[in-house]
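A.B. asks: Residues per chain, in single letters:
There are 2 protein chains.
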Amino acid sequence: MRADIELMPQDVPDRKGEGKVFVVIDVLRATTTIIEALSNGCTDVIPVVTVDEAFDLAKRLPREETLIGGERGGLKVKGFDLGNSPSEYTRDVVCGKRVVLTTTNGTKALRSVAGCENVLVAGFTNAHAVVQRCLAMNANPVMVPAGGKGKFSLEDVVCGGMMMDLLKRGGVALTDAARASCILYKAFAHDLLEMARNSEHGGKLIQLGLEEDLAFCVQTDISSSVPSFREGSVRLG
Amino acid sequence: MRADIELMPQDVPDRKGEGKVFVVIDVLRATTTIIEALSNGCTDVIPVVTVDEAFDLAKRLPREETLIGGERGGLKVKGFDLGNSPSEYTRDVVCGKRVVLTTTNGTKALRSVAGCENVLVAGFTNAHAVVQRCLAMNANPVMVPAGGKGKFSLEDVVCGGMMMDLLKRGGVALTDAARASCILYKAFAHDLLEMARNSEHGGKLIQLGLEEDLAFCVQTDISSSVPSFREGSVRLG
Chain A
11 MRADIELMPQ DVPDRKGEGK VFVVIDVLRA TTTIIEALSN GCTDVIPVVT VDEAFDLAKR
71 LPREETLIGG ERGGLKVKGF DLGNSPSEYT RDVVCGKRVV LTTTNGTKAL RSVAGCENVL
131 VAGFTNAHAV VQRCLAMNAN PVMVPAGGKG KFSLEDVVCG GMMMDLLKRG GVALTDAARA
191 SCILYKAFAH DLLEMARNSE HGGKLIQLGL EEDLAFCVQT DISSSVPSFR EGSVRLG
Chain B
11 MRADIELMPQ DVPDRKGEGK VFVVIDVLRA TTTIIEALSN GCTDVIPVVT VDEAFDLAKR
71 LPREETLIGG ERGGLKVKGF DLGNSPSEYT RDVVCGKRVV LTTTNGTKAL RSVAGCENVL
131 VAGFTNAHAV VQRCLAMNAN PVMVPAGGKG KFSLEDVVCG GMMMDLLKRG GVALTDAARA
191 SCILYKAFAH DLLEMARNSE HGGKLIQLGL EEDLAFCVQT DISSSVPSFR EGSVRLG
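In order, the protein sequences belong to chains A and B.
Numbering follows the numbering used here, with no gaps: position 224 of the first sequence is 234.
Numbering follows the numbering used here, with no gaps: position 108 of the second sequence is 118.
The shape of chain A in the complex, shown without the other chains (with noise of 0.2 Å):
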């Protein structure tokens, strides 16, 4: 096994994915809310790139099992019932529920590479238990940043980093890419939440007042859930 990591967004149409497992990260905030959610009973999550597909694809779903999430801006879009904060994501309000996600720039790298047999979804919150998934496929790991408007995004990179060490650990090769990533985890990893407020997502986020998501958002290991994203819906399995 070898793992790689993609330290800035690529456009990589037609994407092959044969013999890898690729492991999408959007700390800051999609794939921590999609986890959130999930763990907290909601059945699935649909990604989807704009907001016009979201409200399009809500109503052909039953309205009563159904919520739409995601942001613009970093704000809650006119129309949805919840923003991309994933404290939103309660048991009380996603439990049995599924949910329609747009955000800038995590739902657009899920859909990169919708194309591929193997996608899990991972952040801080549940690091651990997406690299013990990883080691027990027969798969190279390749763990996608969705970085922030097609460029670089540290604290993706810095997540990514944490679980190449693990893998590491777990006797995974590293690439050269992999190698910076888990320099840069070692940098950061006595203050993440200093690592997140001081990155320009995390800047972004503090100016809109939503300064709680960042101490939520590198939690490490809260969650043992794995979603994986297959047919255009996340899922826990």
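Please note that a few of the clues may not be correct.
In this list, chains with the same sequence are indistinguishable; a pair is considered to hold if it fits within one copy or across any two.
[Unchecked claim] Taking lysine to aspartate or glutamate and the EDC-like style, the derived pairs with C-alpha atoms no more than 20 Å apart in a straight line are: (1) Lys159 with Asp21; (2) Lys118 with Glu241; (3) Lys118 with Asp62; (4) Lys30 with Glu127; (5) Lys161 with Asp21; (6) Lys196 with Asp175; (7) Lys161 with Glu28; (8) Lys88 with Glu28; (9) Lys178 with Glu210; (10) Lys88 with Glu98; (11) Lys118 with Asp21; (12) Lys88 with Asp66.
To be clear, the hints were calculated from the coordinates, so they are not data collected in a lab.
Starting from the known structure of chain A, arrange chain B on it as the hints suggest.
C.D. replies: Chain B alone, transformed into the frame defined by chain A:
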């Protein structure tokens, strides 16, 4: 001023360069070779993408003033005057000559910024000089590591990180990607040769019997030359 680095090769059609200075880095070995050639009196280096282009262009130039150099699979191409080892480009060989150069990654990276006004060529060998030039220009530096066949290249990003460290000391703000490269540089600064030896690209060069090139390419600041790429050719000044 704010400095950025592209941690993986980006496919940007018609790249806009307004207000920016692009710094192309291919430590192993194209940009190190270009710096060495120009430092030793070569008049200009013309980077071309394919071997056929190299032969075609050389045919149209005066034979006695023109050298063809470069590599495929790391090795000198049959019919070329020179390979891609910087130590081949001595004063005896290149002084007063023009070099038509084609390499697997470095010349492609140069062509990707060919339409931009400000493009500099950097390696460890001229890092301080390039940073001084950047500080003197009123433009935002964007480091462009050449990568390896579209993938991350550790040695180029570490070299970019070294320049970021110097730019930061010069009062330049850094993006998250630039900060990350700086951390990577600091992790390897104590032994750049070991970093190069253990890198994916370095390992391939060692297998080809080109280990001496690694020691050459990680020498820091042996040149004050700052090559710039404009109108299809790389020259000093």
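A.B. asks: Evaluate each hint against the coordinates.
C.D. replies: Structure-based check of each hint:
1. Lys159 with Asp21: Answer is both; intra-copy 12 Å and inter-copy 15 Å each pass.
2. Lys118 with Glu241: Within. Shortest intra-copy distance 15 Å satisfies the 20 Å Cα cut-off; inter-copy 38 Å does not.
3. Lys118 with Asp62: Classified as within; 15 Å inside a copy, 40 Å across copies.
4. Lys30 with Glu127: The answer is within: 8 Å in one copy meets 20 Å, while 41 Å across copies does not.
5. Lys161 with Asp21: Classified as both: same-chain Cα gap 12 Å, cross-chain 13 Å, threshold 20 Å.
6. Lys196 with Asp175: both (9 Å within a copy, 19 Å between copies)
7. Lys161 with Glu28: between (26 Å within a copy, 18 Å between copies)
8. Lys88 with Glu28: neither (40 Å within a copy, 37 Å between copies)
9. Lys178 with Glu210: between (28 Å within a copy, 17 Å between copies)
10. Lys88 with Glu98: Classified as within: same-chain Cα gap 16 Å, cross-chain 65 Å, threshold 20 Å.
11. Lys118 with Asp21: The answer is both: 11 Å in one copy and 18 Å across copies each meet 20 Å.
12. Lys88 with Asp66: within (15 Å within a copy, 60 Å between copies)
The structure does not agree with numbered hint 8 stated previously, though it agrees with all others.
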